[in-house]
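Asks: Using the sequences provided together with the hints, build the complete structure.
Protein chains: 2
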Amino acid sequence: MTHFHPVALEHASRLINHGPTVLVTSRSKDGSRRNIMAAAWSMPVEFTPPRIAIVIDKKTFTRELVKDSGAFGICIPGAALADLAYAVGNGTGRDGDKFSHYRIDASTGPVLGLPVLEAGCAAWMECRWIPEAHTEDAYDTCFGEVVSAAADERVFQRGRWSFRDDNRALQTIHHLGAGNFVHAGQVIQARPLG
Amino acid sequence: MTHFHPVALEHASRLINHGPTVLVTSRSKDGSRRNIMAAAWSMPVEFTPPRIAIVIDKKTFTRELVKDSGAFGICIPGAALADLAYAVGNGTGRDGDKFSHYRIDASTGPVLGLPVLEAGCAAWMECRWIPEAHTEDAYDTCFGEVVSAAADERVFQRGRWSFRDDNRALQTIHHLGAGNFVHAGQVIQARPLG
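Chains as they are written, first to last, in the numbering used here: chain A, 1 to 194; chain B, 1 to 194.
A couple of the hints might just be wrong.
As the list claims (entries may be wrong) - Here are some, though not all, of the chain A residues that point toward chain B, as calculated from beta-carbon distances under 7 angstroms: (1) Asn17; (2) His18; (3) Gly19; (4) Ala40; (5) Thr48; (6) Val55; (7) Ile56; (8) Lys58; (9) Ile104; (10) Thr135; (11) Trp161; (12) His174; (13) Gly177; (14) Gly179.
Claimed, not checked - Have a look at the derived ranges for each label pair, beta carbon to beta carbon: (15) A:Asp97 with B:His134: 31 to 41 angstroms; (16) B:Thr108 with A:Gly177: 22 to 32 angstroms; (17) A:Asp95 with B:Ser32: 50 to 60 angstroms; (18) B:Asp30 with A:Asn90: 46 to 56 angstroms; (19) B:Thr92 with A:Asp97: 42 to 52 angstroms; (20) A:Ser107 with B:Gly177: 23 to 33 angstroms.
It is worth saying that the hints were derived from the structure and are not from the lab.
Built from N, CA and C at the ideal position, the CB exists for glycine as well.
Replies: Printed below as a string of structure tokens:
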């Protein structure tokens, strides 16, 4: 049973308004390859249409896949996934499929067919890449337009986050650096995964 | 007695790595006018040189001053300043000096002479504006390079945040929308200021 429900596109910016660390998902156009990485550097840039900016290093496998498919996914991990977020932020997907390696159970986004995570995540978005050669080159800053979004109703309802004692595992995490995340006032030290 | 100490530029990105709401300060080239606004949408884009991106609406007085002076400041309010952050995020500085109106005690940044706040803030940065006409126009996204930074040693030391029970008032705030901020696991409801 899923607790995920669609988020109105006019509310999509709220999902990353407060600066959470996100997971970026991608796939090749032919669907034969996919990837997932962590990104601490993202922000909304417009409410309507819902557009975001995110820093994705030009050397990454993700950049290659985004350019190939014209799309990327944003998944917002809950606190319970801090270890995973830290793990997929290290190492490259060129060396092997990280979804298989970390046994990540991904669903398929409804509009762009991107891998999206629900278990342990608070929300996800599918984004259509907006090519901006100069800022991608100069600042590794990529732009995208959100075309579908969903969130776990236990932590995000009617366009608003609701952080409570009973949903701590779904609360967003914010990377301080070196595997330390702020979460609901606590610092979580990520552990290496196998 | 100040608790502020310089932050090494290689650590500047850490100050906004976790997505805090910030205050953007600016002044006209001739120093006759100044402004302060809140911004939830900012992110680092590079470690070295330390560069950041921030969304500043093209209609704002701040954009006008940034273009005039070629610089902007970033102040990172602690939880005790949530009300002020919400207040300066509404209303325009064209109608009157917000520093005077809200009795904000600003210091002068050492490199660019920008207004910077220490009392109640966790940190500040002075940024040299990097003009990028297209992204400013299309996404209201402005780039800047950090040329000086300082932080309150009670909450940021040797390049790292330290959020503890004894420094809650200096902990960063993260805007969920509509005046609700996440702070150390608690939601702060900002009140209107006079």
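Asks: Would you settle whether the hint for A:Ala40 is holds or violated, based on the nearest Cβ-Cβ distance to chain B being less than 7 angstroms?
Replies: A:Ala40 check passes; min Cβ-Cβ to chain B is 5 angstroms, inside 7 angstroms.
Asks: Does A:Trp161 hold up as a contact with chain B if the rule is Cβ-Cβ below 7 angstroms?
Replies: Since chain B brings a Cβ to about 5 angstroms from A:Trp161, closer than 7 angstroms, the hint holds.
Asks: Using Cβ atoms only, decide whether A:Lys58 comes closer than 7 angstroms to chain B, and label the hint accordingly.
Replies: At about 12 angstroms, which exceeds the 7 angstroms cut-off, the nearest Cβ of chain B leaves the hint on A:Lys58 violated.
Asks: Hint A:Ile56 vs chain B: min CB-CB distance below 7 angstroms?
Replies: Nearest chain B Cβ about 11 angstroms off; hint violated.
Asks: Could one say that the CB atoms of A:Ser107 and B:Gly177 fall in the range 23 to 33 angstroms?
Replies: holds, 27 angstroms
Asks: Was the hint right that A:His18 lines chain B, CB cutoff 7 angstroms?
Replies: Holds - the Cβ of A:His18 comes within 7 angstroms of chain B, reaching about 4 angstroms at its closest.
Asks: With 22 to 32 angstroms as the target window, see if B:Thr108 and A:Gly177 comply at their CB atoms.
Replies: holds, 29 angstroms
Asks: Double-check A:Asn17 for me: the hint is only fine if its C-beta lies closer than 7 angstroms to a C-beta in chain B.
Replies: Constraint on A:Asn17 satisfied, holds at 5 angstroms.
Asks: Is the interface hint for A:His174 satisfied, with its Cβ closer than 7 angstroms to some Cβ of chain B?
Replies: At about 4 angstroms, which falls below the 7 angstroms cut-off, the nearest Cβ of chain B leaves the hint on A:His174 intact, so it holds.
Asks: Holds or violated: 42 to 52 angstroms for the Cβ distance of B:Thr92 and A:Asp97?
Replies: holds, 51 angstroms
Asks: Holds or violated: the hint that A:Thr135 contacts chain B, with Cβ atoms closer than 7 angstroms.
Replies: The hint holds - A:Thr135 has a Cβ within 7 angstroms of chain B, the shortest such distance being about 6 angstroms.
Asks: Any CB of chain B closer than 7 angstroms to the CB of A:Val55?
Replies: Holds. Min distance 5 angstroms.
Hint compliance for this structure: hints 5, 7, 8, 9 and 14 are broken, all remaining hints hold.
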